[in-house]
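As a plain string of letters, each chain reads:
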Amino acid sequence: MLRILLPIVVIATLASALALYSVKYETRRLEQTVAERKRQIERARVDIAILRAERSYLSRPERIAPLARDMLGLVPPRIGQMQRLDDLARAQAQPPALSRPRAGAR
Amino acid sequence: MTPSSQETPGPVTTIEARRERPVERSLVVLFVLMLAFLGVAAQLVRLALLGIRPDGISVVQPLTGSWSRPDIVDRNGRLIATDVLTPSLYADPARVLDADEVVEKLRRLVPDLDIDEVRAGLADRTRRFLWIKRGMTPRLAQQVHDLGLPGLGFRRELRRAYPQGALAAHLLGGVDVDNRGQSGIERYIDEVIGVELAHGSLTRSQEPLRLSIDLGVQFAVRAELGDALRRYKADAAAALVLDIDSGEILAASSLPDFDPNRPADRDPRRDLDRLTAGTYELGSIMKLVTVARHLASGGSLDRRYDTAKAIKEGRFTITDPHPADRPLSVREIFVRSSNVGAALLALEAGPQQQRDFLTRSGVLARVQLETGKVAAPQVPARWERIETITIGYGHGIAVAPMQFAAAAAALLNGGRSVQPTWLKRSGDARPAQGPPVIPPAASARLLEIMRLNVTSASGTGRRADAPGYEVGGKTGTAELAVAKGYSKSRVISSFLAVFPASRPRYLVLTMIFEPKPTPETASRITASVNAAPVTGRLIGRIAPLLGVLPRTALRGAGRRGH
Chain A
1 MLRILLPIVV IATLASALAL YSVKYETRRL EQTVAERKRQ IERARVDIAI
51 LRAERSYLSR PERIAPLARD MLGLVPPRIG QMQRLDDLAR AQAQPPALSR
101 PRAGAR
Chain B
107 MTPSSQETPG PVTTIEARRE RPVERSLVVL FVLMLAFLGV AAQLVRLALL
157 GIRPDGISVV QPLTGSWSRP DIVDRNGRLI ATDVLTPSLY ADPARVLDAD
207 EVVEKLRRLV PDLDIDEVRA GLADRTRRFL WIKRGMTPRL AQQVHDLGLP
257 GLGFRRELRR AYPQGALAAH LLGGVDVDNR GQSGIERYID EVIGVELAHG
307 SLTRSQEPLR LSIDLGVQFA VRAELGDALR RYKADAAAAL VLDIDSGEIL
357 AASSLPDFDP NRPADRDPRR DLDRLTAGTY ELGSIMKLVT VARHLASGGS
407 LDRRYDTAKA IKEGRFTITD PHPADRPLSV REIFVRSSNV GAALLALEAG
457 PQQQRDFLTR SGVLARVQLE TGKVAAPQVP ARWERIETIT IGYGHGIAVA
507 PMQFAAAAAA LLNGGRSVQP TWLKRSGDAR PAQGPPVIPP AASARLLEIM
557 RLNVTSASGT GRRADAPGYE VGGKTGTAEL AVAKGYSKSR VISSFLAVFP
607 ASRPRYLVLT MIFEPKPTPE TASRITASVN AAPVTGRLIG RIAPLLGVLP
657 RTALRGAGRR GH
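In order, the protein sequences belong to chains A and B. Counting from 1, position 96 in the first sequence corresponds to residue 96 in the working numbering; the numbering is continuous, with no gaps. Counting from 1, position 487 in the second sequence corresponds to residue 593 in the working numbering; the numbering is continuous, with no gaps.
Incorrect hints may appear among the rest.
Footprint (simulated), chain B over chain A, 3 or more residues, beta carbon under 8 angstroms [stated by the list, open to error]:
(1) 44–50
(2) 56–70
(3) 77–83
If you anchor each label on the Cβ, the simulated ranges turn out as follows [unchecked claim]:
(4) Ala147(B) <-> Val10(A): 24 to 30 angstroms
(5) Ala482(B) <-> Ala68(A): 40 to 46 angstroms
(6) Ala44(A) <-> Arg609(B): 46 to 52 angstroms
(7) Gln248(B) <-> Ser22(A): 38 to 44 angstroms
(8) Gln32(A) <-> Gly300(B): 31 to 37 angstroms
(9) Leu85(A) <-> Glu302(B): 56 to 62 angstroms
(10) Glu207(B) <-> Ala68(A): 48 to 54 angstroms
(11) Gly300(B) <-> Arg63(A): 30 to 36 angstroms
(12) Leu51(A) <-> Val283(B): 20 to 26 angstroms
(13) Val34(A) <-> Val146(B): 53 to 59 angstroms
(14) Leu133(B) <-> Gln32(A): 39 to 45 angstroms
(15) Leu255(B) <-> Pro77(A): 54 to 60 angstroms
(16) Ala89(A) <-> Tyr592(B): 57 to 63 angstroms
Hints were generated in silico from the structure; no laboratory data involved. Note that beta-carbon positions come from the ideal geometry of N, C-alpha and C, so glycine has one too.
Go ahead and model the full structure; you've got the sequences and the hints to work with.
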């Protein structure tokens, strides 16, 4: 009886020890992965903060205004260039005789 | 061989008898051991090939406990201030080998280093920690790292960055090296909103603080002021744009200003925010308040006053530069900016009533902003007949421009007092307004004469017109108090504007400090030739940004039965 039980217990002990070790190492590996991910998140956050600051720096009006003026030929809107959306819709609906000069003036 | 060994055969034979099985057993053990060693060897090879990863965080640049602040954004969510991680250089004097070498090499890379202080710090070998330079650029940190000097190290610290530079410098204020607010909105954040100590990691838990400022409008205001400084060779200039209903300050700029990213460049002249921290005699724009009192106490715009003869009071004589040959109506007094007329209106009230009205309308109160109270108004110790006269046209009393703007907003928005704020009001609904200051009818009359002053051919404000946006406004040219009386050549010219006059929404106050006569202004320095055109150009530029529809578009709508 004991002769049969002993090897079984020994094998069981060895197996559980192996299992324990593998679980322990798996845990450590996972912990490392978590730490690595946390570092990546942290790095990404820092990068995002810097990029946001940089985007804001690059899009500051002081820089955009001359670029828009010189490279795109943009100027502040003049009063004749502004219309209400409703009016445009109404001008469309009106007979062509009335809407034509308006379109031409544009 | 010893006899004892010869005696052993007996037991040996007993073992011999079972020899076969023990040999097999040891072979099995050997095999198992070999397998185990092979396993160890394989693991060694694997580790040698893959390398050993240390668990835990690499501690090259620890994050020190600095203060994490919420971002600051403008009313449309554009970033104005944020925290970034920057390396800071420290030394461990006990581990520094050659202090002179360290100082010498660092000086070449970091020109603004305080050499003597570093040298003294490094000399003390008992110290284990010494800040050398806080908040470096990553590139500079790399260069210092490449020097390979022992005893130096880096720590990452949170540092405030202002990507917009000097654009809204005065209202933002600044922070110290530990990222704690020192002045302006930054101090308000520390005191009211709260900052968090950042350990180990960046916590972006705080909502950004949304200001009332519109960056586009702010930029236009600052650019026009810069232009005004050059055109009129002025000492300084300041302007603000205020929503007269909600009290939101959409833009506020005072030149010269400073770049909050470079605290070292600051000096008292640049630090002075003339809108909130300075008080000035504002001159004729105060006539708006004088007329407001007249209207609020039941007066009419058509009532006429004889302004032809000078007013004598003690050693003072008040005259108009171009006296009218007939009695002027209140409307004309305002449009021609008659000092005698304003004096007569003020005298009609008398010192007590005048003082009461100034208090009620908020000219004498102290506006409380998030950045603190504005400078206290300076009022005369004796307030009698002569003071009443001069205050009637804006001399003898000095108030902060922000204070006056808030009071004027109350007079022009239908007569409800206004609490200016640097923060965006939540919700789209127009907020409930404060207690009444003047009747709505009086406010409407004031708008009428403000607009008249810009449209009429004799008006002092006609150069402030921005076609389509119905600008109404009043000029003010205040002579600066000098040793004896007032200077004729040194003035503060200002312009108070409101637009659009038919649906008043925004107030603009522009001030130009000591403009010089130039060919463009026909060698004059009065507000009508400098502050007024600056304000007109400014309104033409910011009105589209603020979503104000020009009158032409509206008229088109009206004709079709809108």
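Here is how each hint holds up against the structure:
With 4 residues having a Cβ less than 8 angstroms from any Cβ of chain B, the segment 44–50 of chain A passes the three-residue criterion, so the hint holds. Check result for the segment 56–70 of chain A against chain B: holds, 7 residues qualifying (beta carbon to beta carbon below 8 angstroms, three or more required). Requiring three or more residues with a Cβ within less than 8 angstroms of a Cβ of chain B, the coverage given for the segment 77–83 of chain A holds, as 5 such residues are present. Look at Ala147(B) against Val10(A): about 25 angstroms separates their beta carbons, and that is inside 24 to 30 angstroms.
In this structure, Ala482(B) and Ala68(A) meet the distance hint of 40 to 46 angstroms, their C-beta atoms being roughly 43 angstroms apart. At about 48 angstroms, the beta-carbon gap between Ala44(A) and Arg609(B) stays in the expected band of 46 to 52 angstroms. Here the CB-CB span from Gln248(B) to Ser22(A) is close to 43 angstroms, well matched to the stated 38 to 44 angstroms. Roughly 36 angstroms separates the CB atoms of Gln32(A) and Gly300(B), a value that falls within the hinted 31 to 37 angstroms.
Taken as a hint, the range 56 to 62 angstroms is violated for the pair Leu85(A) and Glu302(B), whose Cβ atoms sit roughly 46 angstroms apart. Taking the beta carbon of each, Glu207(B) and Ala68(A) are about 51 angstroms apart, inside 48 to 54 angstroms as hinted. Between Gly300(B) and Arg63(A) the beta carbon distance is about 33 angstroms. The supplied range of 30 to 36 angstroms therefore holds. In this structure the supplied range 20 to 26 angstroms holds for Leu51(A) paired with Val283(B), their Cβ-Cβ distance being about 24 angstroms.
Separation of Val34(A) from Val146(B) is about 29 angstroms and departs from the stated range, judged on CB atoms against 53 to 59 angstroms. For the hinted restraint 39 to 45 angstroms between Leu133(B) and Gln32(A), the CB-CB distance of approximately 41 angstroms keeps it satisfied. Distance hint for Leu255(B) and Pro77(A): a CB-CB separation of about 58 angstroms, consistent with the stated range 54 to 60 angstroms. Distance hint check for Ala89(A) and Tyr592(B): the Cβ-Cβ separation is about 59 angstroms, which falls inside the suggested range of 57 to 63 angstroms.
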